[in-house]
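Chemist: As a plain string of letters, each chain reads:
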Amino acid sequence: MRGILSLAYKLLVNDKAKFTALLVGITFAVFLMVAMTSLFAGVLNRASATVINLGANVWIMDPAVQTVANTIGMPDYVLDAARSMDGVEYAVPVYSGGALVKLADGTYQSVTVVGLDDTSLFGRPQLIQGKIEDIYGENAFIVVKDTEFRKMGNPRIGTEFELNDHRGVIVGIATVASSGLFGVPTLYTTYERALQYIPNPRFTISYVLVKRRSPADITRIKRQVQALGYLALTKDEFMDKISAFYMFQTGLGMNLLIMTVMSFIVGLSISGQTFYTFVLENLEKFGALKAIGAKSRELILMILFQASFTAFTGYGLGVGLCALVIWLAKLRLPDYAAMITWWNLGLALVMVIIIAAVSSYVGVRKVLRVEPFDIFRG
Amino acid sequence: MTVTAEAINASSIEAPATRTTAIKATGVMKWFGAGEAKTTAVNNVNLETWFGEMVYIVGPSGSGKTTLLSVISGILKPDAGTVTVEGTDIWNLSNDKLADFRLNKIGFVFQDYHLFPRLTTAENVAIPLILRRKSWHDALIEAKKYLEIVGLASRADLPPVKLSGGEQQRVAIARAIAGQPDILILDEPTASLDGDTGHAIVSFVKKNILNDKRCILIVTHDSRIEELATRILKMEDGRLTGWEKGADQ
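Residue numbers (the numbering used here), protein chains in the order written: chain A, 30 to 407; chain B, 22 to 270.
In case anyone wonders, no lab produced these hints; they're calculated from the structure.
One should not assume that every hint holds.
[Unchecked claim] Which residues of chain A face chain B? A few of them, derived with a C-beta cut under 8 Å, are:
1. Ala37
2. Ala317
3. Val399
[What the hints assert, rightly or not] When the alpha-carbon atoms are kept at most 16 Å apart in a straight line, the in silico EDC-like pairs for lysine to aspartate or glutamate are as follows:
4. B:Lys126 / B:Glu247
5. B:Lys126 / B:Glu107
6. B:Lys228 / B:Asp258
7. B:Lys228 / B:Glu247
8. A:Lys180 / A:Asp115
9. B:Lys126 / B:Asp203
10. A:Lys395 / A:Glu327
11. B:Lys118 / A:Glu327
12. B:Lys126 / B:Asp100
13. A:Lys251 / A:Glu118
14. A:Lys39 / B:Asp178
15. A:Lys47 / A:Glu310
16. A:Lys324 / B:Asp121
17. A:Lys251 / A:Glu266
18. B:Lys98 / A:Glu310
19. A:Lys240 / A:Asp115
20. B:Lys98 / A:Asp403
21. A:Lys240 / A:Asp109
22. A:Lys324 / B:Asp117
23. B:Lys165 / B:Asp178
24. B:Lys155 / A:Glu327
[Unchecked claim] Coverage of chain A stretches by chain B, computed from C-beta distances (three or more under 8 Å per stretch; other residues unrestricted):
25. 293 to 302
26. 318 to 325
These numbers come from a predicted model, not from an experiment.
C-beta: ideal position from N, C-alpha, C; glycine also.
Whenever a hint applies, use it, and build me the whole structure from the sequences.
Modeler: As structure tokens, then:
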């Protein structure tokens, strides 16, 4: 059997022009599919940046919240009620909102301000400079060193700015798992200071972050929160909700889906057509093999191997090319959101398998129909 | 010399007791098309060949030579009649068994050679061996032995397109004899060659490939090589109409 596969391999790769055309077609298709879906994955990941970075098990919010950035304030009793619920180990408030800061050079810059619970500092970022306890100092803020950091004028510890006529001072520089979607720097401070510096409506708690006692408690917590008229979601559920919003209510998902489908069609057309031509040009040879004594299943095996080999080689090249392009793009454009995930790779793999299957099907049909007698007739 | 079809059929079926029958075709018929377009390509042909023979089937284009060759080599199913090869009724075999029969018993040399241009000469010759489940490596080693037989050992690593027409024909012969088939079928082996080369090729086949345990059938209308045949059967309008040589055999 290995001999037959070796024969199929030689017939394929020795036809350098066709093999190259096949590879280019599939590589290009995979590149486009992975590029599109990875961009989407990157956008969704950034849209959920606050959820990822704060890392709470359970989030309590107003049911009308659609993304983590569009907060709807909740009254304090929600926090009190959450703290007394069965299955809750502890619950803390968090503030998340936008603001405008005036930098030392007089320019203004939009920022996201995250106010952490004063007592526990639950959800605090990992500091790379400074000490976390300095956040309790006068006018203290911690700035996140992400792709937006330079927009704050590359601040250092001690750098001052103004926020709604209040003095602010950088006391720490932190790193987080994910940068935000909206291209603005992130400042961390205490919950009370955030409320003090930023004008707010009557209800001020953006989210209540809950640490549940055990995974089994989640259902119970959800039921109790629902009884209050609010919504409790696990971290993953909240990220799914945010993804669903961007996918189905902004047009972003549909546009990227269309691009992905187009990439698939382009790949299928190029590789299907080229593979069909390859089989067509070798049809007489397949007929000769049949006449010599090759069985139909052996010819099918040869074609399946050729299609699969091309597809998977093209897949590897396409993924590699996409990773390279994303890496190069991020060198020049730090805000570039693309992110290759297992989901992207899986989707592209499924599509490549479909391309290989369709190409093989077309080739196999043709080869099974060729009559060795036609080879004799010339 | 002219004889009736019945005479030649009767004559060819009666084998001398000392010879072993290689192929026996009885009442073989093959039609193409249907209705008014129906054409009888092979019409009630009876034929027997023996090991040690090099039989030519000659006749004008469209006389049914190639169709008959295809029927007796297990490639084209007849509409009537039987074909037995070494005592096996080949058209009663399943598709897989028939493929195995072709692989193990028959060696083909096609008119246009049908060599794979992207493979080397040795790899082309190795194909029947690979189909017989030999490893790639072993098949290549064995293929080189067959190339040696046809005098092309030094060309083993070249692609067929780098060879002359005569050399390509010899590669096709090497591929056909790879695995030692009992029956060798050559379809118009001299059609693409000049007279001298064609004669040299068929002479070579007769001298080096034909033996007591092998039967060679050649379809040709090249009169320049007729002297090399042990028997020549004439075909016209789908029927064997006589012989030009070897009637006494």
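Chemist: Is the listed coverage of the stretch 318 to 325 of chain A by chain B valid when you require three or more residues with a beta carbon under 8 Å from a beta carbon of that chain?
Modeler: holds (count 8)
Chemist: Taken at face value, is the distance from the CA of Asp178 of chain B to the CA of Lys39 of chain A at most 16 Å?
Modeler: 14 Å, holds
Chemist: Does the alpha-carbon distance linking Lys251 of chain A and Glu118 of chain A stay inside the 16 Å limit?
Modeler: Holds: Lys251 of chain A and Glu118 of chain A sit about 14 Å apart, inside 16 Å.
Chemist: So if I understand the rule, the pair passes when the alpha-carbon distance is 16 Å or less; does Lys228 of chain B with Glu247 of chain B pass?
Modeler: Given pair Lys228 of chain B, Glu247 of chain B holds - Cα atoms ~15 Å apart, limit 16 Å.
Chemist: Please verify whether Lys240 of chain A and Asp115 of chain A have alpha carbons no more than 16 Å apart.
Modeler: Between Lys240 of chain A and Asp115 of chain A the Cα gap is close to 12 Å, so the pair holds against 16 Å.
Chemist: Quick one, are Lys240 of chain A and Asp109 of chain A close enough, alpha carbons at most 16 Å?
Modeler: 14 Å, holds
Chemist: Below or equal to 16 Å on CA atoms is what counts here, so check Lys180 of chain A against Asp115 of chain A.
Modeler: Status violated; Cα separation ~44 Å.
Chemist: Taking only the CA atoms, is the gap from Lys324 of chain A to Asp117 of chain B under or equal to 16 Å?
Modeler: 6 Å, holds
Chemist: Can you verify the interface hint for Val399 of chain A: is its Cβ closer than 8 Å to any Cβ in chain B?
Modeler: Violated, because the Cβ-Cβ distance from Val399 of chain A to chain B comes to roughly 12 Å (cut-off 8 Å).
Chemist: Mind checking the alpha carbons of Lys47 of chain A and Glu310 of chain A for me, to see if they're no more than 16 Å apart?
Modeler: 10 Å, holds
Chemist: Is Lys395 of chain A close enough to Glu327 of chain A, meaning Cα to Cα at most 16 Å?
Modeler: OK: Lys395 of chain A and Glu327 of chain A at ~14 Å, within 16 Å.
Chemist: Run the distance test for Lys165 of chain B versus Asp178 of chain B: straight-line Cα separation, threshold 16 Å.
Modeler: 10 Å, holds
Taken one by one, the earlier hints fail for this structure at numbers 1, 3, 4, 6, 8, 12, 18, 25, listed in ascending order.
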